[in-house]
Each structure stands twice: as structure tokens, then as C-alpha cells.
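Listed below, chain by chain, are the residues.
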Amino acid sequence: MIEIQDFLRTLATNSGFWNPLIWGIIIFIALLIAYIIRGRGKKEYKKQTEQTKVFLSGNPELEKEEMHVKASNVYWGFMESFKWLYNGLEKMHTGNVSDYILWFVIILGIFFIILGVI
Amino acid sequence: MNIIDDIILHSPALIVAIPLLGAFLTPLVSKINDKLRNIFVIFIVLFTSAIVLLLANDIYLVCGKIHTYVFGGNAPITEGGFAIRILFEVDGLNIFMALIATILAIAGVIYSWAFMKENTGLDKYYTLYLLMIAGMYGMILTGDMFNFFVFLEITSIASCALIAFWTNKGKAIDAGFKYIVVSATGALFVLFAIAILYGQYNALNMAVLASKIQFSFLDKIALVILISGLAMKAGIVPMHMWLPDAYGRAPASVTLILVGVTQASLYGALRMIFTLYGGKLTTTMNQIGDVSIDLNLVLGIFIVGLALLTIFIGVLMALKENNFKRMIAFAAVAEIGYMILAIGAALTTVFSTNDAGTGMMALKGGVFHILNDALDVGLLFLVAGAIYYATKETSLNQLGGLARNMKYTTIFFLIGLLAVSGMPPMNGFASKLIIYESTYQVNPILSIIAILCSILLLAVFVKVFHSAFLGPKLPKFDNVKEVPKSMLLAMGIIATIIIFIGLFPDMVVNYIVQPAVNALTNNSNYISNVIGGI
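Here the protein sequences come in this chain order: A and B. Heads up: the first sequence begins at 17 in our numbering, then just goes up one per residue. Heads up: the second sequence begins at 247 in our numbering, then just goes up one per residue.
Chain A extracted, bound-state conformation (with noise of 0.2 Å):
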């Protein structure tokens, strides 16, 4: 039978512990806390005006569709930099179905000389 005390017991892992509810009072009080530091700062800015535009670097603002940054472009220096691992993965995934047999093959060689059947 499921008891009360059971929704606040704590996830004992091996060597640490893991309580959801503590995790949130934390978060908690650490949101109280940003909340008040924001309620410090200044009041007098004027809307409508250059004081709340969004800073584009001086350069003027696009249109809406302009200006959303697309998927592909989201991680382009990343995938730049790997471009020599990705070159490879692509390479790989052929989607041939014949290959993804072979790979299979692959795998069942590798498997049967560990387990020292061949």
C-alpha cells in the first residue's frame, strides 16, 4: 500500500541523493531572490521610446521572416568545425538497405570473435 510518506522520500543514488521538493525550495528561493534584485532597478525608463528597442548593432530592423534564424543555421560554426566527423556519419548513413544489413554482418563477426566462437 502506497503511503503518504512515500511521495517525500528522497532517491538515495550510491553516493548521492536526488529529492525533487528540495530542489524546488531552492529554486524557489532563488527566483525570490532575482525577483528582488530586479525590483531594485531603475523605474524611470521611457517606453515607446529608444530606451526599450531592441539594439540591433545600428543596423535597421528586417522584416518578421527575416528575422527568425532558421534550423539549419542554428549550429553552422559547430558543424563547420566537425565538418570532417559529419563528412563521415553521412557517408555511413547511405540509406541503402543493403547496408544496413551489412552493418548487421558487421556487428555479428565483431560479436562472435569476442565471445570466441571463431
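It is possible that some hints are incorrect.
Unchecked claim - Label pairs and their in silico Cβ distance ranges: (1) B:Gly310 / A:Ile53: 52 to 62 Å; (2) B:Ile253 / A:Trp92: 55 to 65 Å; (3) B:Asp601 / A:Leu72: 55 to 65 Å.
No lab work stands behind these hints: they were computed from the structure. No residue lacks a Cβ here, since even glycine has one placed at the ideal position from N, Cα and C.
Given the structure of chain A, go ahead and fit chain B onto it with the hints provided.
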């Protein structure tokens, strides 16, 4: 004996029989009315789920209980004292997997109501859907090797047809073809291994085989073939390539059940390693050249190697992908890597006398992650389906600003994002924390790679969140509306369970994960209970 006791007694058979019968009745009900058919299918799934819950309650009430169900009346006994009929054996691990399948099945049929509404041929869709669910339950509950193969095939054939359900899209048919080739190959190898075992021991029952297995040369061949075949069905790198094709092209409601089917294959591999060969893993030395190493250590290291490859390649490919569903599919591959990392780490330590605690903890993390992965990845697939339903787009490059039109879907995506990336306080964090800690004790590098890849996984879904949901409202999506209530309900059910597990992980671990781990590691209890219980 009252009716509830009767239902519990026959529950292992009913759990498979009801969706199976429902599948064949669906085309008939469909002749009457489409709405009635949908209600009928939901009723079938809910009724089956209720029986699963009754059985779960029965299993969890008594620690270490195994519910053995013999088909065909009184059990005929062979000269050796073993039953020759088909047996279903339900222990902590079986019921754990059945609970996962239940959640996915409920969410899947509710989601299908609106998601598939515009399609024709829905009588066939629901028939195949229920067949797929019946096959999945069968794979999970059976204690018979040949029966396992039969259910594997039922699931594969139904899955193939459903992956290719959108026949107007050529790529769906291509994905279905690839799936059936891969599945049939894997299943045939499994059948070959079963034949090897049957030829030696004259038995097909898992418990009987586990008690008799000698780890002869032929047994080694059977082990290699069984694990490789099931690993391909589970989508482990480098045998994962069918998975993005199939997951990416199937309707989202089908992909949800495919996640369960993939995990049922993983369950099969676990059953074979720990239950069938469990007794021999510690006592058998593996000879490589002049060096003798414990078999469990060799197997564990090999699985850990595959796991690292699976996590790494899964995450890297997900990061590059711009098709929403294929991206989630690659992330799902990486998530499978986390499970087998824990299982591999557990294999290296769980049988040792001085480090068994680490192994048990790793296994607990791995098994717990099976549940969490099914929910997290499942939810993300449903969100991807919702976006497709609303926009008819799957390319992330074409999407943007959807949070303004689809508020609930956005919230469900955020829950899935945090959960799959292992962010606190979601369920994925709890299981990944256990995996990180236990693998750290095996080798710190494993843990470091796992954490780094988890951060990359977060980056993957942050990209999706930014591309699809944030940004200005795009004019072409002005008329996009939130998805229908049945789809929201299905996503809501999974999201609620994710949050519940996230908030109360210890309870879930104690009540359902620990019994599954105990069932896996204590194979002598399995053998004595099943053979003794006939």
C-alpha cells in the same frame, strides 16, 4: 473465487487476447459507424489496460511473485518434468514493460482519434494498430522462445504496414520496406538461435532453457545471434539506420507504439542475457588467445562500447538533422544508448562480490530509463505530430513562431525537452543521475561522455524550440490553430506521468523499478518459480 480473481488468474492470456480479438472485430464495427469504431478501439485498449493494472497489483503485492499461466488446461509434463505447453510468465520485469506498453497504447489510440480523422482506410489502420499492441504485449509477457518469435513477427508485420500507411507518400513506403527487411532479418536470426537451443535441450520454455543451458559452443552461437538480432530491432548503432526512416515516416500515433516495440526488443535482449544465460555469465570464462576473462566482463565491455557509439552518433546526427521527426528519432537512438550503457556497466560489476552494489544501481538506472525514455520520446513524437497536423510541415527550416498559436503544444514540448535532456526536476534527470553515478564508479570516462552527450541533446532540442516555437509569428501560419482536444489529452496524459515521476522518483523506483531489477538479477528465483509453479 470472484470475477476479479478469475480475471487476474487469466490476465496474461486476456492481455494479449482482447486486443487480438478487438483487431479482428474492428473492420466489422467499422461497417456500422466510424465513431463507434473509434469508441470500440479505445474501449478495447482501456479494458486491456485495466487488466494490466489488476495483474500489476497482484504481482507487486507479493515480493518476487511470478504469475505463471499455462495455455491449454492442465499442464502435460514431459519425462524430464517440464511442461510442454506454451507458458506466459509474468514477473516484476514483464509487468514493468507491460505498464509502459499500456501508457503508450492509451495515449496512442486517444491521439489517433483526431490525428487520423482525415485519412481513409481507418478500419485497416485500427486493426493493424491493435495487432501491433497485441504483439507488443505478447513479446513482453511470453515465457516461450518460439512464442516470442511469433509475437515479434506479428509486431513487425503490423508495424511495417502502419509505417507505410500514408501510401500517397513514396518515402513512407520506402521506410516500410526498409523496416520489414531489417525486421525480418533480425527475426529470422532470432528463430535460428531458438532452433539451436531447441535442438540441444529439446525445450522452448525460457525457464527450462535457463535451468539446462550449458554454455556450449552452440550456446555461444545462439547468444551472439539472439543479442545481435534483438539489438538491431532495438536500434543500437551501427544497426540503427532503419529507425530514423521508420520513425520519421510513420504517423506520429504509430511512432509512439513503435517506441514501445523497440523497447520490447530491448526487453527481449535483457531477458536473454540475464535470465536465459544469467546463470552461466559468472561461472564461464571467455578464452581470447591465452587470456581468460569472465564472460560477463567481456559482454559488459562490448555492450558499453556499443552504448557509447550509440549515444555519440545518435546525438551528433540529431544535432545536424532539420527534419523534426527524424531529429527526434536520432535522439531516441541516443537515449537507447543510455539504457544499454547502464546495462553494460551493470554486467561488468553486478556479479562481482565486492562491487555488486554499483552493478545493481546501474541496472536500476537503466531499467528506470526504459520507462522514462518511452514517455519522453513518445511525448516529443506526439508534439511533432501535432505540429505536422497544424502546419503540414516537418522541416524545421520552414517553421517558426508557433508558440503564439499553439500554447498547449508548446508547453508539452517544453516538458518533453526538459525530460529527454535530463533536466531537473523531470523524470529523465532521476534516471540519468543514477546512470551517471553508477557508470562513474565503473569508469569516470563513461560518465563524462554520457553527461556531455546529454548536454548536446539539450542543444538539439533548444534548436527545435527556437526554430519551431520561438521567433516572430510567420504570416503563412496566421491561420494555424491549436490541435484538437483528443490530441492534447493524449499529450497531457504522458506529460502528467512525466511530471509525476519527476516529482516522486523514489516511489516509482521502489514500487516498480526495483522489482524489475530483482527479477532480472535473480534468475534462480525465476527458474524455481516457473518450473515449480506449473
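Evaluation of the provided hints:
| no. | hint | verdict |
| --- | --- | --- |
| 1 | B:Gly310 / A:Ile53: 52 to 62 Å | holds, 54 Å |
| 2 | B:Ile253 / A:Trp92: 55 to 65 Å | holds, 58 Å |
| 3 | B:Asp601 / A:Leu72: 55 to 65 Å | holds, 57 Å |
Hint compliance for this structure: every hint is met.
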